[in-house]
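K.L.:
Residue numbers (the working numbering), protein chains in the order written: chain U, 1 to 613; chain L, 1 to 338.
If a hint is listed, it holds; no wrong ones were tucked in.
Dumping the calculated SDA-like pairs for lysine to any residue here, alpha-carbon to alpha-carbon at most 20 Å: (1) Lys-221/L with Glu-55/U; (2) Lys-192/L with Asp-125/L; (3) Lys-221/L with Gln-454/U; (4) Lys-489/U with Pro-510/U; (5) Lys-130/L with Gly-305/U; (6) Lys-452/U with Glu-28/L; (7) Lys-119/L with Gly-303/U; (8) Lys-48/L with Ile-314/U; (9) Lys-418/U with Arg-73/L; (10) Lys-594/U with Met-548/U.
Worth flagging that the hints you see were computed from the coordinates, not collected in a lab.
As the structure is a computational prediction, the values presented were derived from the model and not from experiment.
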Amino acid sequence: MSGHAHSHKRSGLWDWLTTVDHKKIGILYLIAGGFFFLIGGLEALLIRLQLIVPEADFVGAATFNELITMHGTTMIFLAVMPVIFALMNAIVPLQIGARDVAFPFVNALGFWLFFFGGVLLNTSWFLGGAPDAGWTSYTTLALKQYSGIGVDFYVLGLQIAGLGTLIGGINFLVTVINMRAPGMTFMRLPMFTWSAFVTSGLILFAFPAITVGLVLLMFERLFGANFFNPDAGGNVVIWEHIFWIFGHPEVYILILPAFGVISEVVSTFSKKRLFGYSSMVFATVMIGFLGFMVWAHHMFTTGLGPIANTLFGIATMLIAVPTGIKIFNWLFTMWGGQIRFTTANLFAVGFIPTFTIGGMTGVMLALPAADYQYHDSYFVVAHFHYVIVGGLVFGLFSGLYYWWPKMFGKMLNEKLGKWNFWTFFIGFHLTFFPQHFLGLMGMPRRVFTYLKNQDLDLGNFISSIGAIGMTIGTILFLANVVVAARSKKQAPADPWDARTLEWAIPSPAPEYNFAQTPLVRGLDALWVEKMAGNKGMTPAEPLGSIHMPSPSFLPFLMSIGLFIAGYGFIFEHHVFSVIGILIAFACMLMRSLKDDHGYHIEPDEIEEKGVKA
Amino acid sequence: MKSRWQQLWRQLFLFGMLALFLAGCGRENLSALTPQGPVAEMQFSLMKLSALIMIGVFVVVILIFTYVLIRYRKRPGQDGIPKQVEGNHKLEILWTVIPFLLLIVMAVPTVTIAFDLSKEYTNKDALVVKVTAHQFWWEFEYPDLGISTAQDLYIPTGKKIQFDLTSADVMHAFWIPALGGKMDTNPGDSNKMWLQAEKPGIYYGKCAELCGASHALMDFKVNALEPAKFDEWATAMKSAESTPATASAQQGQQIFQKSCLGCHAIGAEGGKLAPNLTNFADRQRVAGILENNPENLDKWLADPQAVKPGNLMPNLNLKPEDRKALVDYMSTLKVYQP
Numbered sequence: 001m002s003g004h005a006h007s008h009k010r011s012g013l014w015d016w017l018t019t020v021d022h023k024k025i026g027i028l029y030l031i032a033g034g035f036f037f038l039i040g041g042l043e044a045l046l047i048r049l050q051l052i053v054p055e056a057d058f059v060g061a062a063t064f065n066e067l068i069t070m071h072g073t074t075m076i077f078l079a080v081m082p083v084i085f086a087l088m089n090a091i092v093p094l095q096i097g098a099r100d101v102a103f104p105f106v107n108a109l110g111f112w113l114f115f116f117g118g119v120l121l122n123t124s125w126f127l128g129g130a131p132d133a134g135w136t137s138y139t140t141l142a143l144k145q146y147s148g149i150g151v152d153f154y155v156l157g158l159q160i161a162g163l164g165t166l167i168g169g170i171n172f173l174v175t176v177i178n179m180r181a182p183g184m185t186f187m188r189l190p191m192f193t194w195s196a197f198v199t200s201g202l203i204l205f206a207f208p209a210i211t212v213g214l215v216l217l218m219f220e221r222l223f224g225a226n227f228f229n230p231d232a233g234g235n236v237v238i239w240e241h242i243f244w245i246f247g248h249p250e251v252y253i254l255i256l257p258a259f260g261v262i263s264e265v266v267s268t269f270s271k272k273r274l275f276g277y278s279s280m281v282f283a284t285v286m287i288g289f290l291g292f293m294v295w296a297h298h299m300f301t302t303g304l305g306p307i308a309n310t311l312f313g314i315a316t317m318l319i320a321v322p323t324g325i326k327i328f329n330w331l332f333t334m335w336g337g338q339i340r341f342t343t344a345n346l347f348a349v350g351f352i353p354t355f356t357i358g359g360m361t362g363v364m365l366a367l368p369a370a371d372y373q374y375h376d377s378y379f380v381v382a383h384f385h386y387v388i389v390g391g392l393v394f395g396l397f398s399g400l401y402y403w404w405p406k407m408f409g410k411m412l413n414e415k416l417g418k419w420n421f422w423t424f425f426i427g428f429h430l431t432f433f434p435q436h437f438l439g440l441m442g443m444p445r446r447v448f449t450y451l452k453n454q455d456l457d458l459g460n461f462i463s464s465i466g467a468i469g470m471t472i473g474t475i476l477f478l479a480n481v482v483v484a485a486r487s488k489k490q491a492p493a494d495p496w497d498a499r500t501l502e503w504a505i506p507s508p509a510p511e512y513n514f515a516q517t518p519l520v521r522g523l524d525a526l527w528v529e530k531m532a533g534n535k536g537m538t539p540a541e542p543l544g545s546i547h548m549p550s551p552s553f554l555p556f557l558m559s560i561g562l563f564i565a566g567y568g569f570i571f572e573h574h575v576f577s578v579i580g581i582l583i584a585f586a587c588m589l590m591r592s593l594k595d596d597h598g599y600h601i602e603p604d605e606i607e608e609k610g611v612k613a
Numbered sequence: 001m002k003s004r005w006q007q008l009w010r011q012l013f014l015f016g017m018l019a020l021f022l023a024g025c026g027r028e029n030l031s032a033l034t035p036q037g038p039v040a041e042m043q044f045s046l047m048k049l050s051a052l053i054m055i056g057v058f059v060v061v062i063l064i065f066t067y068v069l070i071r072y073r074k075r076p077g078q079d080g081i082p083k084q085v086e087g088n089h090k091l092e093i094l095w096t097v098i099p100f101l102l103l104i105v106m107a108v109p110t111v112t113i114a115f116d117l118s119k120e121y122t123n124k125d126a127l128v129v130k131v132t133a134h135q136f137w138w139e140f141e142y143p144d145l146g147i148s149t150a151q152d153l154y155i156p157t158g159k160k161i162q163f164d165l166t167s168a169d170v171m172h173a174f175w176i177p178a179l180g181g182k183m184d185t186n187p188g189d190s191n192k193m194w195l196q197a198e199k200p201g202i203y204y205g206k207c208a209e210l211c212g213a214s215h216a217l218m219d220f221k222v223n224a225l226e227p228a229k230f231d232e233w234a235t236a237m238k239s240a241e242s243t244p245a246t247a248s249a250q251q252g253q254q255i256f257q258k259s260c261l262g263c264h265a266i267g268a269e270g271g272k273l274a275p276n277l278t279n280f281a282d283r284q285r286v287a288g289i290l291e292n293n294p295e296n297l298d299k300w301l302a303d304p305q306a307v308k309p310g311n312l313m314p315n316l317n318l319k320p321e322d323r324k325a326l327v328d329y330m331s332t333l334k335v336y337q338p
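Just chain U, with the same shape it has in the complex (with noise of 0.2 Å):
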């Protein structure tokens, strides 16, 4: 952690605790995120194993809450978000011919407070029982009278993990708005880049929604507080309206990136720009904006009356119009193109047909009327699935494929790949079609089981066969990623003849990104050059020496101090929650009196002169 000016070669686990590179840290997220998305996906195959046959007695009732519960909490807070933060750090500085984030050290406190807020949460299965209350853990179930101490380690695993969000998203934010290279306008941003923007906003405006309502449920937990509790005056509703005025812009927060990833897979693969991409921006703006005025639509069913659901439900369906713009403007940039069916444009393609079931279940379920019948049904469960797993989840495998060799280096196999396409789609959409059927039939959601005779059973039996479909896609992703880590094959620095800056520069990535910052003379800034017949981007500054930020352990410290805090109060053994406290109120101190000026990358250190195409 000095200050001079060379650079430091460190190596190993010490290298990868201590990192504030954007590039490792986005790694580091897509270990992480990997890793819990196996967990809620192994979750997820006990769920349906347990529904494969009515009145089974596979797993127990208390057992089942708790995998619902830990599956939805762990999908979007620990395995969704994390990927997308994945990819948000490995390309969009990239994409905007920046060095770094704008704070690389927040960066690093921000995953490993991710990180450690999901180890807390799932050791919560082995010290006394996972959170049962579902993933939206309504008080009254959430209160202590009607639920364990699973419920703590939701509370305050979530607090640390979004804390970990809401610094990453502030930091985005920043790095969009002052990072960018000379010439790269907002209007010449990467859609990908505006997605993350604007996702990064909406993070800014959500999490400290959530943020306040898990300290609330912590008062009212672990110090007696009486928010929610009915019988000593509380108010039952007022944490379904706190929860969804973060969970509904949480929804957007995950698809938009998602959005992001198709518009620069489609348009790369059809050789074509995006088409609109002036009303894609106006979109997906808009989309962020009416995400926060529609959270009621999930409280249809609370009692809030006639009025406020009417206008809350015709708020949800306008969003439908920026949504539909969305999937018009891809179409049409396949429209006269030259589609390439690489497998990150099948999941791509896929998505477009997926995602727009989801939509028009999405626009159903805004008729309040109407959704007096789909609310907490499985038609509900049909909806988000279509939206997170066919839209999110494929936007996401779509990104992974893409970005892959700017990430690591390697091309990820395609017939592999392709494989894992097929498998998983198809098993998506037998898991998921007849869920639509089974809710509308009188089947509600979060039920450990059902009864026979309810004409119940086919539909159940073919959502758990088309489980193993994803399931085998998955594996075959997790072989694909081996298949291509062993390959001595180094993958080209723009092996898709693509369009944008991160395609500029070697793959992976040098550890300073730019030898030289580029001058960005366009939309699809490495297009215009191709199209002018130059070989690479033109540098907007000489060669020189690069300033580096210094690593740091600090954050991981940092991070463990909460880890060790967010035990404290769980147990309530305060001594270990102080300790933990002052371990990062320490570890902050240090950082702010201590100086640290970073380091130096000298022009004979440079592997490569000059920026390459």
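Given chain U, put chain L in place with the hints provided.
P.N.:
Showing chain L alone in chain U's frame:
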């Protein structure tokens, strides 16, 4: 690639149709797709309208999608750069305006039906039923008739039922799909909803809000009777008296009075902590889920937690012969056979 896509879509389409036909629309007395009253009917009409419009949109998307994927896939040896199109204002306005118009078509009935369903009726036009949800059973009171029951809700056909919904513990949601959508029961608060059944029959009711371990088992039944028969039932309920005839049943009555009456009521006597058992022998199910017969009742009494995890019924640890006496007694709790 072309044939692969076509195959896939054909498969998906066939699969969708197959799923629809094989499953039909579900059980007539359970499914929201087979509406049995005006509320469910209105909701079903909204579902059909929105589904139809959405399927129309989907068809347009799929037609363009299929055409584009077939027509514009990269062919071997194809070179050159496709025309880089920035956008098309006319097209973009078109696919912004048309969705707006479609939304208006949906918004109008959405608003009218939402207000129709939220009307509150008094006992002049409707039968008022107070519903209190408990972990994991349902309590039904008829304030105007002065009777209470649990698990099996009796209603007259052809008449509006005005529900007044609340909860004694956590949030639940009251749902009878064939008669209409659901409404949450919030502790410390009351929600209003009306439903109506057209035909006599037994309709299935569910709890739709996660409420604890046995959320899945919190079923109830709605017994819709012709108005005249409903009145007979109400009268019978008010004057219900059980007269156990056999020695075993009389012994069972004593056990009941000693061990059960603290929580369970029969007629006006007993506690309100647990389901009212006045007409237990008329019930469709034991504990809301098992077929109502002596073996199942014995199974429930022997180990309530094994049948319905997390419920509040204590295991009385009765000897088998005492359980049999209790079962004999409870089998006499008949009030009304239509």
